[in-house]
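Following the hints, position chain B against chain A.
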Amino acid sequence: MTGPEAKLLLKKYNQGNCTAEEKALVERWYLSESSKQTLSEDQDQEDFTAEKIQMWYEISEMSGIENKSRISRIILWGTSIAAAVLITISVGSNFFNTNEPKLVLKEPIPRVYDKNPGGNKAVLTLADGTKIVLDDAVNGTIAKQGGINISKAADGSIIYDMPEMTGNNSETALFNKIETPKGGKYQIILPDGSKVWLNSVSSLRFPAIFSGSERNVELTGEAFFEVAKNINKPFIVKTNDMNVFVTGTQFNVMAYSDENYSATTLVEGSVHVSNLNSDIVLKPGEQVVSNEGAKLSKSIADVEQNIAWKNGLFQFNDSDIRTVMNQISRWYDVSIEYKGAVPEKHFGGYISRNSKLSQVLKMLELSGVKFKIEEKKIIVLP
Amino acid sequence: MSIYNSLKDSELLGLLRSGNEKAFAEIYERYWGLMFHHILKMTGDKDETKDLVQELFTNLWLNVEQIDSETNIAAYLYVSARNKVINLIRHDKVKNNYLSSLSNFANQHQNSILEQLSAKDLSIAIEREIQNLPCKMREVFELSRKKFRTHKEIAEELQISDKTVKKQINNAIKILRLRLNIFILILTIYLSLLSNTSNL
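Chains as they are written, first to last, in the numbering used here: chain A, 83 to 464; chain B, 13 to 212.
Excised from the complex, chain A in its bound form (with noise of 0.2 Å):
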């Protein structure tokens, strides 16, 4: 063969018109010379992360990406670089467009550090290990599971469909696992039909048929519960220091470990709260408060505010300002530093859930609430 051939070769390989026999050996060629080739002393020891950053950016803008410095946050690991990058291209490249007779600056990339909302977001964990991603991407069937159909509706929440019962429950029950990341919640309907919706930072351990004479759950962070009512199996919600009791009702229960006390609200029916030292029974409007393991106790909820976040509000009612940041930093995937003395202050309002991490901020600041805000990390100033 000689090289006008190889050319020949090469051009028929890219147009897809090699026999196999050619086809083999063009690849086992390129995988040869793959082997020897290295790269340039020089190049060994470059660092490209510049142009990778670079890339990213072009390669969004190119494939329509919307929103792009959202993405690249994941991998620039910091908006300095992003901003740096934007400028460099954007204005760069206006400025030495000879064709422009006037020179337009465009705005200054605003340097403010901001956030969108929490969404639709959380993994399930099915019995065999398997991992599903759940957002706003697919709907329908997205598991089959012992029998069972795991789909998901429109709205994002997640469906158990059991087939027609067969009677034959004895098996050990297949233990599904929902979690929520920071800045996710997610809803989800249980194979009872019992509903469930998880606030951020949160899990939901569940069996993926309730068998048995009753329906346990356990739970870490905050759920929101309504509960379908079925008398002869009783409904069980266990969390680190408490176990509710229900047969049928709507219940919040928040525990997450970060706070120092973890609630039981009632909204509907009636619940039974308990832990190794105490047992109450809750009517609605009732709430128990457990304070790190000691007795539980009983007194009236402010319902409204304890279920605001299940209707898309923060909502506070003389909160000190832990507690709005913690919830601060769960929807907004943020990280909350104190500096020097806290401030004691309470606070009172609502905002939605749906606001830009700055809206929620201006509107503590008004309360007289400091903050340097950095890069996924607010800290509030005494």
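Bear in mind the hints are in silico, worked out from the structure with no lab data behind them.
Owing to the predicted nature of the structure, the values given are computational and were not obtained by experimental measurement.
Each hint should be verified, as a subset may be incorrect.
[Stated by the list, open to error] Derived DSS-like pairs: lysine-lysine, alpha-carbon spacing no greater than 25 Å straight-line: (1) K20(B) - K118(A); (2) K213(A) - K58(B); (3) K264(A) - K421(A); (4) K320(A) - K377(A); (5) K427(A) - K452(A); (6) K105(B) - K94(A); (7) K105(A) - K105(B); (8) K62(B) - K93(A); (9) K20(B) - K226(A); (10) K132(B) - K118(A); (11) K427(A) - K458(A); (12) K259(A) - K20(B); (13) K105(B) - K264(A); (14) K93(A) - K107(B); (15) K459(A) - K20(B); (16) K132(B) - K134(A); (17) K107(B) - K94(A); (18) K134(A) - K20(B); (19) K107(B) - K105(A); (20) K203(A) - K20(B); (21) K62(B) - K118(A); (22) K58(B) - K89(A).
Only chain B this time, still in chain A's reference frame:
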């Protein structure tokens, strides 16, 4: 940290097929280094490499509907890269003497029957590419692929956290700042010239 970096390639492809931008960003994050390194190695030319890698990922995003859901992302990217490099070679855009190397190779194997590359051959080839990545690039890739760790965990495991990772980012910032400074300098000169002329 984003939950996307704990997903397997096949799960990312599924999300990518439904138009998920974050899945695309994660694939870019995972495979950029491997592709850039391979193409740079083969072409020796940084500018050509940048163009090819950019095309590679742009095409992945734009043509994802045509990619079968069973496809292995790494193999898909490798094959696309190979086609692009071969295209450069046949247009004489690569200095290396590949054409005579190919004709030699053909002559040597004139009397033997070469087998087609199997999927396994391909994955061995990709594995070798991974092993030949510059040290840190390889470690980062392997951890993200095999153990599905977050960046922070990777950094911690490699014990390069606050030093190397930060240093790498700082290097990037430095380069960009330098470019920005030069640009501002030119801009200032340009503006002062502009105001001088309008004063006349």
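If any of the earlier hints don't hold here, list their numbers in rising order. 1, 2, 13, 15, 16
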